[in-house]
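Asker: Respectively, the protein sequence lines represent chains A, B, C, D, E and F.
Going left to right, the first sequence walks through residues 1 to 100 as my numbering numbers them.
Going left to right, the second sequence walks through residues 1 to 100 as my numbering numbers them.
Going left to right, the third sequence walks through residues 1 to 100 as my numbering numbers them.
Going left to right, the fourth sequence walks through residues 1 to 315 as my numbering numbers them.
Going left to right, the fifth sequence walks through residues 1 to 315 as my numbering numbers them.
Going left to right, the sixth sequence walks through residues 1 to 315 as my numbering numbers them.
Fair warning: there could be bad hints in the mix.
What the hints assert, rightly or not - Label-pair distances were calculated between CB atoms; the ranges are:
# : chain 1 : residue 1 : chain 2 : residue 2 : range
1 : F       : G214      : E       : G314      : 53 to 59 Å
2 : D       : H309      : F       : R151      : 53 to 59 Å
3 : D       : V225      : F       : V146      : 49 to 55 Å
Derived from the structure by calculation, the hints contain no laboratory data.
The beta carbon of each residue, even a glycine, is placed where N, CA and C say it ideally should be.
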Amino acid sequence: MPLEHRKLLTIVTEAALEHELAREIERLGAHGYTITDARGKGGRGIRNAGWELSANIRIEVACTVDVAHAIAAALKARFYDDYAMILFLGDIEVLRPEKF
Amino acid sequence: MPLEHRKLLTIVTEAALEHELAREIERLGAHGYTITDARGKGGRGIRNAGWELSANIRIEVACTVDVAHAIAAALKARFYDDYAMILFLGDIEVLRPEKF
Amino acid sequence: MPLEHRKLLTIVTEAALEHELAREIERLGAHGYTITDARGKGGRGIRNAGWELSANIRIEVACTVDVAHAIAAALKARFYDDYAMILFLGDIEVLRPEKF
Amino acid sequence: MPALDPVVLFFLLGLAAGLLRADLRLPPAIYEFLTVVLLLAIGLKGGVELASQSLVVMLPQMVTVVLMGVALPLVAYPVLRFAGRLERADAASIAAHYGSVSVGTYAVAVAYLAYRQVAFEGYIPVFLVLLEMPAIVVGILLARGVDRNTRWRMVAREVLLGKSIVLLFGGLLIGWAAGPEGIKPVEGLFFDLFKGVLALFLLEMGLIAASQVGGLRRHGLFLIVFGIVMPLVAGAFGAGLGWMLGLSVGGTALLATLTASASYIAVPAAMRLSVPEANPTLSLAASLGVTFPFNILVGIPLYHHLAEHIHRLGG
Amino acid sequence: MPALDPVVLFFLLGLAAGLLRADLRLPPAIYEFLTVVLLLAIGLKGGVELASQSLVVMLPQMVTVVLMGVALPLVAYPVLRFAGRLERADAASIAAHYGSVSVGTYAVAVAYLAYRQVAFEGYIPVFLVLLEMPAIVVGILLARGVDRNTRWRMVAREVLLGKSIVLLFGGLLIGWAAGPEGIKPVEGLFFDLFKGVLALFLLEMGLIAASQVGGLRRHGLFLIVFGIVMPLVAGAFGAGLGWMLGLSVGGTALLATLTASASYIAVPAAMRLSVPEANPTLSLAASLGVTFPFNILVGIPLYHHLAEHIHRLGG
Amino acid sequence: MPALDPVVLFFLLGLAAGLLRADLRLPPAIYEFLTVVLLLAIGLKGGVELASQSLVVMLPQMVTVVLMGVALPLVAYPVLRFAGRLERADAASIAAHYGSVSVGTYAVAVAYLAYRQVAFEGYIPVFLVLLEMPAIVVGILLARGVDRNTRWRMVAREVLLGKSIVLLFGGLLIGWAAGPEGIKPVEGLFFDLFKGVLALFLLEMGLIAASQVGGLRRHGLFLIVFGIVMPLVAGAFGAGLGWMLGLSVGGTALLATLTASASYIAVPAAMRLSVPEANPTLSLAASLGVTFPFNILVGIPLYHHLAEHIHRLGG
Ligand SMILES: Nc1ncnc2c1ncn2[C@@H]1O[C@H](COP(=O)(O)O)[C@@H](O)[C@H]1O
Ligand SMILES: Nc1ncnc2c1ncn2[C@@H]1O[C@H](COP(=O)(O)O)[C@@H](O)[C@H]1O
Ligand SMILES: Nc1ncnc2c1ncn2[C@@H]1O[C@H](COP(=O)(O)O)[C@@H](O)[C@H]1O
Ligand code: NA
Ligand code: NA
Ligand code: NA
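Next up, chain A with everything else stripped away, as it sits in the complex:
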């Protein structure tokens, strides 16, 4: 089966940023994204999703290396200092490279 290599960018951050990040991700060239609700703990303490302001979201973007790096760079610059946010990249294989 012909599989092509892409990157999977995963972002975990505050639910309040959902709309803003979706816009940013598309602006930087990704063709889609998947969001799931999450809770967790990190440098900025526990975010247990008890209510809106303590809820996290987990965003996944399957895209090319360049787009992944572009998004990572943009988010780092704009959000790292002020928001609870982590971000990591992984390697994936996809069936329809044109989609990603």
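For chain A, the structure is supplied; the task is to place chains B, C, D, E and F with the ligands on it using the hints.
Answerer: Below, chains B, C, D, E and F with the ligands alone, put in the same frame as chain A:
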């Protein structure tokens, strides 16, 4: 620690397919799966999970390369044309190879 | 962009273990974790999240290889025999190595 | 008495909020919950009345109603296929939507009549159950022809064991078994709160309807026209039938509303699995984006007047 | 008056839907919500009555009830271990389930009595709180012996700060502090809707019970027999005790129901963490798959008759 | 009459459960649901009264109220910045929280007055809507100065189309359009259950407030003092204003409560996006961890007495 290599197959698609995909995945030899509710955007537009028909699910299957490819091929053939669906593979290490 | 390699440890298990696992994960040196609600099927049968006792959680920990192995070993020793649980490791790249 | 039923105002609020992209949404779990309560409430109410019904009267009515459920999509299909130049699958799927019924629309009609103290046959919910299924079968046949690959058992499961029928039918049974006395303890939730629950449900429906407008923008005028003309024709047809079946004015108005309404729960789900090549945005744009709003804003009062008219003429 | 309490019909609907694998489920959030409302409502009702109670009367009753909560699992354990040939951990865990209580079963019994206008001591919910815990401690001791590794503090936290006790006890305090007058403003939600909320809760319980049948299929006849005989024996025992404690007929029936009922919230959660090697499918198959249905369908009326009988004899 | 309003006891229960780390939480979906019902109920109630109001009377009041919404944060800012030695962004953000209003606090005040049969101008919810926004604008200006990079359109969207305003304002419109008669059908849910829904909402608020205490521990005494003194000052100011505007005793008490209350829905969300460098744990610790509890436990009765006093003096 003795770790063995396996594949992690991730599928994001319409919630309506949950039962059908679960059956298919088991039929093709996977020993289990994990499902989380999701929303997102892609070629078929925004699916914001506002109600049943616009909800996505995210299915993960840890399995052997062969099973992963078999599932990927089967889903591509059966669902890609008509359903909102993406699918990608990643490499993982597991502790109990016999389980996957 | 300077990216460093880390491991992503993913655990899928019974929701009842949430507090206990969170404590354990931190005790073993991870700096954070992300939890999402999940359902699924495996060796211990279907867990469809219809109610508390049949609900799963999916825990992700981005950390160093050593911490990942330490957690994996600890969970295997303590929980594998008695609980519905799987666990796998993947490779990821992160922007702020000091965070993980 | 206000021009619009108050509950309908909640739909408009949701619609406006949706179109303005307001940051407002009921959690899916709540939407699910409201649907469950509405379906059970409607079933229970019908079941209680059923207790005092002779099957002799109902059986012919039930048969006729089922036949109508078969006929409607057969009428709609050629219009969609040739006037609308839609793909076969899409025409078939939309036809099925309009042959089946919308619980939300029915609930608004019930609220409308109750508000005006118009009586109606309490067992009408039985028709609601009966009308869910047939159009789906017809729709699949229209899309596939008589194809031995069609997984009928799966379709049957999908529909008969789907949320709507299980809860409506289950409610009917419970109401019937418990009777007017037995049901009292649960009236607080299912009857006294009915309108309030319906109001919240319509708020969410407004948000959902707004999200269907995109589909409309893409697929143009035809769906809008069809989404308005079809219910009018079907409604008139249903009103006539109701009168022929000897239903009261209220019952006639409700049957007209049922025939005029288009499904957005059972049918889309079934079509998605049985006729996947049909584009759901088309059918939902029509049934949710056009017909549902039209019916609850304009249609229901119209069907009511129509029912009165027919009964006056027919005597 | 129907043979079955209407609310019980909702359980049967859920059970049937579950066994037929119907596509019906209440979102977990809703199940959570219904549980919270039930627990608070039961607590509040008890608290209001508590206001007009002398501790002198209650104290001896409370002590006796706690002792019973300790005795029951000690009786059940050998049966499970030797007659049932179950592993030590499983026998201990199941014994704990039956030594503790089921809020859902209690709620149905209350509905049953209210429906028949049978009065009962309003403070019975206190017993509900008291009976949650002891059986868990006994169960752990049975499984572990006196093991210094047992994390008692964790167990205590887990149970005393678990949902059931916090809400029941909290409700008791609020009801007691607010009194009959003060509670009026919130009666609309917690009292008037009680039966309706219970009905929906039982619908979900039916679905859950159905999902336990698999466990039964695997672990055979013994659990079924035990799941029916144990509540009968315990119920008789509880009825006798209720009479000895000078409870009214209604109160006696409720105490019998409590002793006959098996936990499916607090105990399974505690056992899962404290006796992990015990297989939860076994205990839940028995308590949810057999005893819960048995109690709400057959047991409660039985315990009520038994209570009447004892009081007639005992005068 | 009990010292504490019963609904407030639910807050204390939640607070205690939270501080004891009890395993108790309402699912987020339920919290969302309760918020929606409260906002709509408050709006509807206000709208119905609005029907019988002359804009001539209200307009000057509305203008004054808006000006107050602008003034409050301007007063709070220097205190926070210099007495509290807080960063500019933090001072500005907290000032905005206290300039705006808390729907939960308002609801408790309404329950408090209703419980004591104190009448008030039914259109006060209009002030609730008016007071949400201005403080946010002022807060952003205080943090940023007149900065052309501020995305005002985004801010406006964020607030005007945020849940609180859409539902309050939508409720007002619906209530106004439907009128006392038209609203009857939905009273069962929105009015009769109001206190019960509020009770559950406060239970959750208690849990949330408890989770803010950490923020307090970290940021010390000042926030506690400010969180108590600020509402007292603002409340007195609001009471005076209410009297000047010719409001009734009840209306005066409510306006005092509004001015004394601090936002925890609209403002934090807006600040998070518009002044991200402001640390939300600070503002929430003050508004949720200190001021909200203070107001519903101590403040509201105080503001009520104050209102009576002023009216007695002022005659
Ligand atoms: N090491 C980690 N592994 C997995 N998830 C993490 C980790 N650190 C932080 N997170 C998630 O990212 C969110 C924000 O992280 P932080 O900015 O460090 O507070 C947390 O609430 C967690 O959900
Ligand atoms: N590039 C992407 N990255 C992550 N998720 C995606 C991507 N494209 C699509 N998805 C998800 O897959 C679903 C179906 O995709 P599609 O068939 O392209 O509409 C979408 O609703 C998204 O949740
Ligand atoms: N092969 C698999 N792939 C993905 N998830 C799995 C797999 N096996 C088990 N799981 C998940 O892990 C949970 C516990 O697994 P088990 O202990 O095998 O019952 C299941 O309920 C599934 O959610
Ligand atoms: Na129709
Ligand atoms: Na028991
Ligand atoms: Na204020």
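Asker: Against each hint, give a clear statement of whether it holds in the structure.
Answerer: Comparing the hints with the structure gives:
A C-beta distance of roughly 58 Å is found between F/G214 and E/G314, which places it inside the suggested range of 53 to 59 Å. At roughly 56 Å, the beta-carbon separation of D/H309 and F/R151 lies within the given 53 to 59 Å, and the hint holds. At about 52 Å, the CB distance of D/V225 to F/V146 agrees with the hint of 49 to 55 Å.
Of the hints listed earlier, there is not a single one the structure fails to meet.
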